[in-house]
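S.K.: Chains as they are written, first to last, in the numbering used here: chain V, 1 to 389; chain D, 1 to 389.
It is worth saying that the hints were derived from the structure and are not from the lab. A portion of the hints provided could be inaccurate.
Note that the list lumps identical chains together, so a pair holds whenever it fits in one copy or between two copies.
[Unchecked claim] Here are the computed lysine-lysine pairs in the BS3-like style, where the Cα-Cα straight-line distance is at most 25 Å:
no., residue 1, residue 2
1, Lys370, Lys346
2, Lys370, Lys5
3, Lys70, Lys223
4, Lys346, Lys69
5, Lys223, Lys346
6, Lys346, Lys321
7, Lys260, Lys168
8, Lys346, Lys168
9, Lys64, Lys92
10, Lys321, Lys134
In case you want the letters, here they are:
Protein chains: 2
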Amino acid sequence: MVKKKVLILGGDGYLGWPTAMYFSRKGHDVAVVDNFIKRQWEAEVEAEPLIPIPSLQQRIRIWKQATGKKIRMYVGNLAHERFVARIFRDFKPDVIIHYGEQPSAPFSMMGNERTNETQINNVVGTLNVIYSMKRSTPEAHLIKLGTMGEYGTPNIDIEEGWITITHKGRKDRMLFPKKPGSFYHLSKVHDSNNLEFACRVWGLRVTDLNQGVVYGMETEETKLADGLHTSFHYDDIFGTALNRFCVQAVAGVPITPYGKGGQKRGFLNIVDTLRCVELAALHPAKKGEFRVFNQFTEVFSIRELAEKVKSAAADMGIRAKIRHVRNPRTELEQHYYNPVHRALPKLGLKPHLLSDVLVESMLAKIIEHKDLINEEIIMPRVLWVSKTE
Amino acid sequence: MVKKKVLILGGDGYLGWPTAMYFSRKGHDVAVVDNFIKRQWEAEVEAEPLIPIPSLQQRIRIWKQATGKKIRMYVGNLAHERFVARIFRDFKPDVIIHYGEQPSAPFSMMGNERTNETQINNVVGTLNVIYSMKRSTPEAHLIKLGTMGEYGTPNIDIEEGWITITHKGRKDRMLFPKKPGSFYHLSKVHDSNNLEFACRVWGLRVTDLNQGVVYGMETEETKLADGLHTSFHYDDIFGTALNRFCVQAVAGVPITPYGKGGQKRGFLNIVDTLRCVELAALHPAKKGEFRVFNQFTEVFSIRELAEKVKSAAADMGIRAKIRHVRNPRTELEQHYYNPVHRALPKLGLKPHLLSDVLVESMLAKIIEHKDLINEEIIMPRVLWVSKTE
Chain V
1 MVKKKVLILG
11 GDGYLGWPTA
21 MYFSRKGHDV
31 AVVDNFIKRQ
41 WEAEVEAEPL
51 IPIPSLQQRI
61 RIWKQATGKK
71 IRMYVGNLAH
81 ERFVARIFRD
91 FKPDVIIHYG
101 EQPSAPFSMM
111 GNERTNETQI
121 NNVVGTLNVI
131 YSMKRSTPEA
141 HLIKLGTMGE
151 YGTPNIDIEE
161 GWITITHKGR
171 KDRMLFPKKP
181 GSFYHLSKVH
191 DSNNLEFACR
201 VWGLRVTDLN
211 QGVVYGMETE
221 ETKLADGLHT
231 SFHYDDIFGT
241 ALNRFCVQAV
251 AGVPITPYGK
261 GGQKRGFLNI
271 VDTLRCVELA
281 ALHPAKKGEF
291 RVFNQFTEVF
301 SIRELAEKVK
311 SAAADMGIRA
321 KIRHVRNPRT
331 ELEQHYYNPV
341 HRALPKLGLK
351 PHLLSDVLVE
361 SMLAKIIEHK
371 DLINEEIIMP
381 RVLWVSKTE
Chain D
1 MVKKKVLILG
11 GDGYLGWPTA
21 MYFSRKGHDV
31 AVVDNFIKRQ
41 WEAEVEAEPL
51 IPIPSLQQRI
61 RIWKQATGKK
71 IRMYVGNLAH
81 ERFVARIFRD
91 FKPDVIIHYG
101 EQPSAPFSMM
111 GNERTNETQI
121 NNVVGTLNVI
131 YSMKRSTPEA
141 HLIKLGTMGE
151 YGTPNIDIEE
161 GWITITHKGR
171 KDRMLFPKKP
181 GSFYHLSKVH
191 DSNNLEFACR
201 VWGLRVTDLN
211 QGVVYGMETE
221 ETKLADGLHT
231 SFHYDDIFGT
241 ALNRFCVQAV
251 AGVPITPYGK
261 GGQKRGFLNI
271 VDTLRCVELA
281 ALHPAKKGEF
291 RVFNQFTEVF
301 SIRELAEKVK
311 SAAADMGIRA
321 KIRHVRNPRT
331 ELEQHYYNPV
341 HRALPKLGLK
351 PHLLSDVLVE
361 SMLAKIIEHK
371 DLINEEIIMP
381 RVLWVSKTE
């Protein structure tokens with residue numbers, strides 16, 4: 001494979017760090033960017049990962065010791081134009097993988113300030129990236145992490161970003177209309193709209209990955225040395241349903257799906273995320289192309305997920321209970337859901353599906369660190385509609 | 001008519017000030033908000049209005065003298081959460097008319113900083129408004145100025161904000177997909193998406209007015225006293241095509257449509273803008289309704305507009321020439337364009353169409369102030385695709 005310069009924005013995060021190791025191990029020249037604001041947000045809302053994470057500097061050092069490979073680091077804020085411009089002038093990436101955004105729906109719904117913070121951070125960061133690409137690396141390929149949540153749950157099949165609409169006897173290929181469920185999801189919709197424009201007008205190359213919910217704690221690379229693990233969140237703000245349910249089972253408290261649990265979502269294993277991003281990088285978007293992939297491998301309802309955890313736990317001798325709680329979000333709990341996801345399998349993706357074995361390995365890992373579980377951060381603290389604002 | 005508390009955001013602007021006088025004259029309790037940043041931007045890019053505009057304080061004083069009516073004023077930045085929250089707590093508006101945004105496509109395309117400034121100012125201002133509504137005036141009606149430019153020029157008929165899509169045998173009513181032509185237009189798309197969410201989740205009432213290009217220098221109220229006139233921009237940044245063409249005719253320089261001039265747009269007279277906003281206010285959106293009106297009365301191509309000015313000028317003894325110049329924007333110059341605009345006429349709008357008489361009255365007004373014309377600010381300075389940025 002041709003060696004590429006790969007710039008990873010948000011390189012300290014749950015996906016950013018494993019992605020950095022993955023590309024580094026394959027021999028690419030990797031640089032990571034982060035300002036560690038996510039760690040600060042975690043501290044502010046009391047949502048630390050189950051197993052403490054060494055600093056990024058330390059992780060890069062451990063990686064070098066374990067593999068002999070160097071990862072470069074830029075520390076700073078993507079919302080600062082000149083910082084971003086400097087990275088692009090200096091590193092001149094061939095591929096940019098952009099995870100550098102505030103990633104939580106509940107965080108974005110905590111109030112006026114958090115909403116603004118989320119939308120400014122995400123939208124302005126991405127604007128600075130495309131301006132820097134235009135200026136310094138107009139042929140580079142931006143791989144931008146979006147989310148399946150941008151689409152919401154429409155009553156028609158969800159296509160991959162674009163849809164051909166026939167209306168009153170005429171036809172056009174248009175962006176798929178979106179109906180997202182939080183100000184965080186909206187920030188990603190804004191990004192997508194800005195990016196489509198940048199491709200159309202400036203001729204940039206962009207792949208927008210509308211990703212499902214990622215699960216899994218390990219990749220080939222996290223296992224290479226102690227301290228290379230990635231963050232595992234099980235709280236109500238940064239944790240996702242499967243993580244929360246596993247921790248609840250281990251902690252001996254009820255598994256708590258929100259509402260009826262009939263909400264369906266796309267899911268994928270973290271090792272598939274890495275492969276999807278790699279496939280996108282190996283097959284870049286064409287000049288001026290705004291390409292969208294729906295990146296997930298399976299659809300489950302939240303109730304099904306709870307049942308899976310309960311049954312895997314039972315196999316390990318843990319008797320877990322399921323208790324439905326009032327849904328803090330405003331969302332449909334019974335709905336049609338049939339999103340297309342053909343592009344990535346066509347490029348070669350071989351999915352790692354969610355097996356009992358995987359859930360059991362997550363449970364086993366959590367059991368190892370059972371004493372670190374903080375039960376108080378699991379139940380929902382942020383309401384989509386509240387009286388107090 | 002029931003007397004209402006009307007809050008006008010951007011009350012110092014081309015439309016904001018005439019709207020304030022219009023509602024004040026009808027007996028409503030009017031408050032205006034502005035931080036005069038638009039005047040600063042005008043100074044920064046050398047784009048002052050043809051006829052100087054007294055300060056907002058002075059205009060409010062003149063209005064009081066002329067009519068006995070008081071207009072309240074709040075000075076501050078809509079992007080500051082606490083400033084906006086304070087206004088809503090203090091004034092408790094029934095209707096909010098939101099013009100308080102950076103209104104220029106070329107300004108938003110001047111570079112990275114201007115793009116960020118435009119999107120932050122517009123998106124965060126609107127977020128602060130909806131949070132303040134939710135907190136202090138959940139039953140109030142927000143009338144938000146959007147633009148027809150949000151839609152771009154799709155190959156299908158443009159519906160009013162929503163479209164029912166039939167796809168693979170299923171159906172849903174969805175937001176009309178948009179393909180805007182600048183980062184300014186994108187900021188309004190972001191607003192629309194945020195607003196739809198706020199209606200859906202918080203039950204707010206919002207009318208999004210996707211307005212065409214407004215022309216005209218006078219309303220019933222601007223004539224009531226000296227100093228009550230509104231701003232007339234003819235420069236490349238804040239001026240619109242009709243204004244530029246009229247000034248070019250008077251200045252004796254060629255009228256310069258961009259490119260082929262086959263670009264079609266919706267237009268309306270400023271007096272119709274006032275009536276449209278009033279009709280929206282009189283017939284508020286329902287609780288939880290995100291309502292979109294396409295607000296224009298006629299469609300012209302830019303070439304037709306140039307011809308109209310040339311012919312009206314000829315009637316006044318002015319021989320104007322038309323010279324097509326290279327289009328600084330990236331846009332289709334020949335395209336299908338058939339936007340629906342039924343909602344406002346159904347509520348009672350009686351359009352004032354663009355007549356020779358109107359163009360001649362604009363020309364006459366410009367001739368009065370001919371010595372103030374600065375020819376150097378008319379030709380395009382901002383390119384959508386340039387080599388230097």
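S.K.: Now tell me, hint by hint, if it's right for this structure.
M.R.: Cross-check of the supplied hints:
Taking the shortest alpha-carbon separations for Lys370 and Lys346, neither the intra-copy value of 41 Å nor the inter-copy value of 65 Å comes in at or below 25 Å. Taking CA atoms no more than 25 Å apart as the test, Lys370 paired with Lys5 passes in neither setting, with 40 Å inside one copy and 58 Å between copies. In the homo-oligomer, the alpha carbons of Lys70 and Lys223 lie at most 25 Å apart inside one protomer (18 Å), although the nearest pairing across protomers, at 72 Å, exceeds that limit. Taking CA atoms no more than 25 Å apart as the test, Lys346 paired with Lys69 passes in neither setting, with 32 Å inside one copy and 69 Å between copies.
In this homomeric assembly, Lys223 and Lys346 never come within 25 Å of each other (Cα to Cα): the closest approach is 29 Å inside a single copy and 67 Å across copies. Within a single copy, Lys346 and Lys321 get their C-alpha atoms no closer than 40 Å, and across copies no closer than 57 Å, so neither meets the 25 Å cut-off. For the homomeric pair Lys260 and Lys168, neither the shortest alpha-carbon distance inside one copy (39 Å) nor that between copies (28 Å) is at most 25 Å. Proximity of Lys346 and Lys168 under a CA criterion of 25 Å is satisfied inter-copy only: 22 Å between copies versus 33 Å inside one chain copy.
Proximity of Lys64 to Lys92 under the C-alpha cut-off of 25 Å is restricted to the intra-copy arrangement: shortest distance 22 Å within a copy versus 61 Å between copies. With identical chains, the CA atoms of Lys321 and Lys134 are never at most 25 Å apart, being 54 Å at best within one copy and 38 Å at best between copies.
When the structure is compared with the earlier hints, violations turn up for hints 1, 2, 4, 5, 6, 7, 10 and for no others.
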